[in-house]
Amino acid sequence: MAIIKESIRNQITFSQIPFGEGLKKGVQLTPEELIKVVRDSNIRGRGGAGFPTGMKWSFTAAAKGDKKYVVCNADEGEPGTFKDRVIFSNWAKLVFEGMALAGYAIGADEGIIYLRGEYTFLRKELEKQLEEERAAGLLGQNVAGKEGFSFDIHVHMGSGAYVCGEETALLEALEGHRGEARNRPPFPATCGYLGKPTVVNNVETFAWIASILVKGADWFKGLGTEKSAGLKLFSVSGDVERPGVYEFPFGITVEQLLKEVGGEGAKAVQIGGASGHCVPASNFNRAIAYEDVATGGSIMVIGPQRSMLDVLENFMEFFADESCGQCVPCRIGNSKLLEGVRMLQEGECTSKYLNELCKLAETMQIASKCGLGQSSPTAFLDIVKYFRRELFSGQAF
Amino acid sequence: MTEQSVNAELISVNIDGKEIQVPSGTTILEAAKKLGIRIPTLCYHDDLCIAGVCRVCVVEVEKKWQLQAACAFPITDPITVHTHTPRVRKARRHILELMLSEHYGECYSCGRNGNCELRSLAQEYGVDGYRFGHVEEPECEKDDIGFSVVRDMNKCIQCRRCVRTCAEFQSVKALHTMGRGINSSIGTYFDKPLSEVVCINCGQCINRCPTGALQAKDYTEAVWAAIDDPKKHVVIQTAPAPRSAIGEEFGQPGVPMTFQMNTALRQIGFDKVFDTNFTADLTIIEEGTELILRLYKNLVQGDNSAPLPQFTSCSPGWVKYIEHFYPEYLAHVSSAKSPQQMFGAVIKTWYAEINNIDPKDIVSVALMPCTAKKFECNRPEMRDSGYQDVDFGLTTREVAKMIREAGIDLNTVPKSNFDAPFGTATGSGVIFAATGGVMEAALRTVLELITGKKVEDFYAHADIIPIRGFEGCRYVELKIPEEVGPVPDLIKHLVPDWDWIKGATVKVGVAHGTANARKVLEDIKAGGKFSECHFIEFMACPGGCIGGGGQPIPTSQWIREARAKVIYGEDNDYEVRKSHENPDVLRVYTEYFKEGPCSHKSHELLHTHYTPRGKFIE
Amino acid sequence: MLIIQHKKTIDLIKDLAEKHGRQRNALIPILQDIRDKCGQISDFAMQAVAEELKIEPTEVYGVATFYAFLGVQPRGRYVIRLCRTLSCDMAGKDDVARQLENDLGITFGETTKDGLFTLEWANCMGVCDQGPALLVNEDLYTQVTPEKVGEILDSLRCPA
Numbered sequence: 001m002a003i004i005k006e007s008i009r010n011q012i013t014f015s016q017i018p019f020g021e022g023l024k025k026g027v028q029l030t031p032e033e034l035i036k037v038v039r040d041s042n043i044r045g046r047g048g049a050g051f052p053t054g055m056k057w058s059f060t061a062a063a064k065g066d067k068k069y070v071v072c073n074a075d076e077g078e079p080g081t082f083k084d085r086v087i088f089s090n091w092a093k094l095v096f097e098g099m100a101l102a103g104y105a106i107g108a109d110e111g112i113i114y115l116r117g118e119y120t121f122l123r124k125e126l127e128k129q130l131e132e133e134r135a136a137g138l139l140g141q142n143v144a145g146k147e148g149f150s151f152d153i154h155v156h157m158g159s160g161a162y163v164c165g166e167e168t169a170l171l172e173a174l175e176g177h178r179g180e181a182r183n184r185p186p187f188p189a190t191c192g193y194l195g196k197p198t199v200v201n202n203v204e205t206f207a208w209i210a211s212i213l214v215k216g217a218d219w220f221k222g223l224g225t226e227k228s229a230g231l232k233l234f235s236v237s238g239d240v241e242r243p244g245v246y247e248f249p250f251g252i253t254v255e256q257l258l259k260e261v262g263g264e265g266a267k268a269v270q271i272g273g274a275s276g277h278c279v280p281a282s283n284f285n286r287a288i289a290y291e292d293v294a295t296g297g298s299i300m301v302i303g304p305q306r307s308m309l310d311v312l313e314n315f316m317e318f319f320a321d322e323s324c325g326q327c328v329p330c331r332i333g334n335s336k337l338l339e340g341v342r343m344l345q346e347g348e349c350t351s352k353y354l355n356e357l358c359k360l361a362e363t364m365q366i367a368s369k370c371g372l373g374q375s376s377p378t379a380f381l382d383i384v385k386y387f388r389r390e391l392f393s394g395q396a397f
Numbered sequence: 001m002t003e004q005s006v007n008a009e010l011i012s013v014n015i016d017g018k019e020i021q022v023p024s025g026t027t028i029l030e031a032a033k034k035l036g037i038r039i040p041t042l043c044y045h046d047d048l049c050i051a052g053v054c055r056v057c058v059v060e061v062e063k064k065w066q067l068q069a070a071c072a073f074p075i076t077d078p079i080t081v082h083t084h085t086p087r088v089r090k091a092r093r094h095i096l097e098l099m100l101s102e103h104y105g106e107c108y109s110c111g112r113n114g115n116c117e118l119r120s121l122a123q124e125y126g127v128d129g130y131r132f133g134h135v136e137e138p139e140c141e142k143d144d145i146g147f148s149v150v151r152d153m154n155k156c157i158q159c160r161r162c163v164r165t166c167a168e169f170q171s172v173k174a175l176h177t178m179g180r181g182i183n184s185s186i187g188t189y190f191d192k193p194l195s196e197v198v199c200i201n202c203g204q205c206i207n208r209c210p211t212g213a214l215q216a217k218d219y220t221e222a223v224w225a226a227i228d229d230p231k232k233h234v235v236i237q238t239a240p241a242p243r244s245a246i247g248e249e250f251g252q253p254g255v256p257m258t259f260q261m262n263t264a265l266r267q268i269g270f271d272k273v274f275d276t277n278f279t280a281d282l283t284i285i286e287e288g289t290e291l292i293l294r295l296y297k298n299l300v301q302g303d304n305s306a307p308l309p310q311f312t313s314c315s316p317g318w319v320k321y322i323e324h325f326y327p328e329y330l331a332h333v334s335s336a337k338s339p340q341q342m343f344g345a346v347i348k349t350w351y352a353e354i355n356n357i358d359p360k361d362i363v364s365v366a367l368m369p370c371t372a373k374k375f376e377c378n379r380p381e382m383r384d385s386g387y388q389d390v391d392f393g394l395t396t397r398e399v400a401k402m403i404r405e406a407g408i409d410l411n412t413v414p415k416s417n418f419d420a421p422f423g424t425a426t427g428s429g430v431i432f433a434a435t436g437g438v439m440e441a442a443l444r445t446v447l448e449l450i451t452g453k454k455v456e457d458f459y460a461h462a463d464i465i466p467i468r469g470f471e472g473c474r475y476v477e478l479k480i481p482e483e484v485g486p487v488p489d490l491i492k493h494l495v496p497d498w499d500w501i502k503g504a505t506v507k508v509g510v511a512h513g514t515a516n517a518r519k520v521l522e523d524i525k526a527g528g529k530f531s532e533c534h535f536i537e538f539m540a541c542p543g544g545c546i547g548g549g550g551q552p553i554p555t556s557q558w559i560r561e562a563r564a565k566v567i568y569g570e571d572n573d574y575e576v577r578k579s580h581e582n583p584d585v586l587r588v589y590t591e592y593f594k595e596g597p598c599s600h601k602s603h604e605l606l607h608t609h610y611t612p613r614g615k616f617i618e
Numbered sequence: 001m002l003i004i005q006h007k008k009t010i011d012l013i014k015d016l017a018e019k020h021g022r023q024r025n026a027l028i029p030i031l032q033d034i035r036d037k038c039g040q041i042s043d044f045a046m047q048a049v050a051e052e053l054k055i056e057p058t059e060v061y062g063v064a065t066f067y068a069f070l071g072v073q074p075r076g077r078y079v080i081r082l083c084r085t086l087s088c089d090m091a092g093k094d095d096v097a098r099q100l101e102n103d104l105g106i107t108f109g110e111t112t113k114d115g116l117f118t119l120e121w122a123n124c125m126g127v128c129d130q131g132p133a134l135l136v137n138e139d140l141y142t143q144v145t146p147e148k149v150g151e152i153l154d155s156l157r158c159p160a
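Protein chains in written order, with the working numbering: chain A, 1 to 397; chain B, 1 to 618; chain C, 1 to 160.
So here's chain A without its partners, still in its complex pose (with noise of 0.2 Å):
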């Protein structure tokens, strides 16, 4: 009985492409020309850190295993965003498509979609629209008419675990582990599940492959900016008026989009989640794409009436809850990042100290074993290098 409103904000491509069109005419090119396809889209992943999926692709399919597989990461924890509950609520058969795509292309047939726990009740509507592809010969045997093409797809629960969405992470606890970044190399693509050759891919990214199928990978990338190709989500909350999930091309500067969504006045934008960057007013005229301020698409917008240590405090709580624990930059960089924070708060905080917690910061960026610790500081670095007279007088300016 979840009571969510649809807030679907303007016109999303999803909408205009009808169900099984992409999957039926990916499987009458060979896989060799799929990948093309997918690569001369230009398409990046949509989970934030971008890694272009025709590689990606690529690499799985050249990687040799009597098994493989296509995981679909709907672990979406990043702190603001939620476009993949609303993919999943309005174009979930995109997404399988993607998968069956990505199973075509690399030679796999199994696909799993990792749902996060917060997401449970969005399970038995996901399986049965599973069940209506299967009905339709989109999954299961000779998927979409391709003779001998097998692929079939299943819901895995997670349990409450933001760094599951960290892929390695992800593959162990798919595997019953602890949720434990691996060490990479090796990566998913050579060793993945069950030590398998595996595609993992954002929920975004899979509707968007179905969607380039149908409408070509030149119209994707002529979209959005050179580097950052095509349309994205962005998950939208915070003070503005117009909360929810648009969709806009990349390379939108942080002004224009405050203006579409009712932000105007802001002092801040925390792009791309807890994990991404702190934009404060000043630099609104910043792009919105990887090559400038990168994001899987969380835009939680802060207004001139917030305390921009309160804003920290939540993001440093939030880290040393979910870190996985297992580096120490990590583990402990976090938790003194945050008593930094508290110091702060009190008053009692010393310049000095406060410029070692950024020099601490930076190691942990670079230095900690997985995404969760490289990122979890940059908020902290943003906040104390655009907003440290605030943090310091502990008023709002």
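Misleading hints may appear alongside valid ones.
[As the list claims (entries may be wrong)] Taking lysine-lysine pairs in the BS3-like style, the calculated list, with each CA pair at most 30 Å apart, reads: (1) B/K615 x C/K19; (2) C/K113 x C/K54; (3) A/K196 x C/K54; (4) A/K385 x B/K90; (5) C/K7 x B/K192; (6) B/K401 x B/K454; (7) C/K54 x B/K529.
It should be emphasised that the hints constitute simulated quantities derived from the structure, not laboratory data.
Quick caveat, the model's predicted, so the values are computed rather than measured.
With chain A's structure known, arrange chains B and C on it following the hints.
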């Protein structure tokens, strides 16, 4: 990795300006070692799989913005590495400071003072203050309830070496990582004391702990008190493995120090210094006799109440392992006590009798390479003399500490022999210390007794080479000749005839490290080749006793091999090299256990029983 | 009584192992089902799962204590999780938190004496545009206000 690397292509790597070609898959750490470049490590351990969690070994790899853990980075493409750039140095120092901020560093009073990897690294990498704080007071209680392993989580830095050791080497998994984030910790099931979970007391975790978080329970104060009490007659038996390693504590690795140690122990104040090899030889006679009886019953009489294969029982870690994990196989375990416990029983009975000492005034101490021996001597079933047979088990490390505390330099003390009446030992007793040694000793005796021939007729210089080595699970077949006997009086009466053994093939197995023991037991369960064995030696620790949990720290395959070399070297030097030729052993059978091995009296004092413990944690 | 309960637990776990398999990757689905059916993952259940999957109890314990939605502590029939991340925080989660504590008479991390409610923090539920968000078992409530807290609790106490 190494196996793979044999045929792997060679990749060029440049580390700090030095070029080297390494097989694809070699880690940066391994490549640097080849170049003689030191990269500091902490969670890395030669014996264990890679964790990559401490991040102390981070280095700069060109074209990568993030630093890379040298231990976990396999080289598959040509790369250029820098091991001590400003970024690397700063990161290392930060990481060490973070660890120190969580570590309760009571360094002066810590058992690892002077041998702490964290402390050495802090010094080496210029840590000059507690930048991110310091733990002033311990935050949780020590777990020192058990007899063997003490766990002080205030000093734990979560390198997970203990977790990996417990899982990979020992297949016990008493220790594991718990919780998440700032609440993560290394612990037992529900954080119960080690003595209440499936811990087998092997102490392998202690040998690999970089700090003082895991230590052996220290009984030296109690032993000093006994020595200082003039009413007590304090004797010490010394096992062979510590002799191969105690030199490491005094700057002489790989040097046998048996006879210097004897002198030092007397100078400390022990009234008598005995050689556990005496009861190692006694064990061979008892256990060998038991084997012959089992073989006869199973193979000739079809009676499998005492089933084959017979398992050795001298490793107390192994005994507790099988009690927990394979209690259904306890009937296979030889009822013979371990050499330590046989000695304990003999000292407080026969030795007390012939020397006219009241056994209540004897304090019996054992120098062992082992932490499980501390638990073993406290087992309730080990009181057959009417007293606790062995009062204290000391590790090699504890005795080294006592020697230092007494102001003795082991390198300069004169040599001296063991005390009578247990002064004569054999090479067979000595090799108990290495994996395969018990089996080799047993075979030397059994082969000789039943064939009437010399072992040397089968194996040059009585070295049964096929049984030696470090392979985890070994299987060996030995052919008995068509002619047997005459069988000597000591065992002749055991069975009515010996014809059944003629031309037989004796199948034996050896396993060391309880992870390998598990493999063998699972093979037996599945009806594999080990199920056809007649006799299998099991040692809880990798390498056998030389790799015991009470041996000097650190440990590695190389160190264990060096110790094994000392052991086989000593064996070589003995005049008598077979247990059944030990005159002191023969004397104890003529004077005390007059009915011979496996008789009523020997069963009373030299044999024991086991407790099926199971895995359920109350 | 205890023996009957243990027998029931063992039977349940055997059924779950039939359903999910006995490979290591079945561990988390089995624990999730135990949690849903029994309300908690007990000490006995963890040891029984370990036995069934041929792994050690510490491994089960290590996994159970890693995930926020597993855990080894007894919980109430309704686990109420309030999102504490930034968007919900800015939308007024502190007021909702206070009201929950007042109405239930417990603080976060605790369970009511009648065993009905457990109150916990959660990190981002994915409805940041409609905060503050509250998850009750699997059901999600959005735009929760302190006034609504009483209604929600009543509806849980006496389902219509």
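query: Failing hints, ascending?
result: 2, 6
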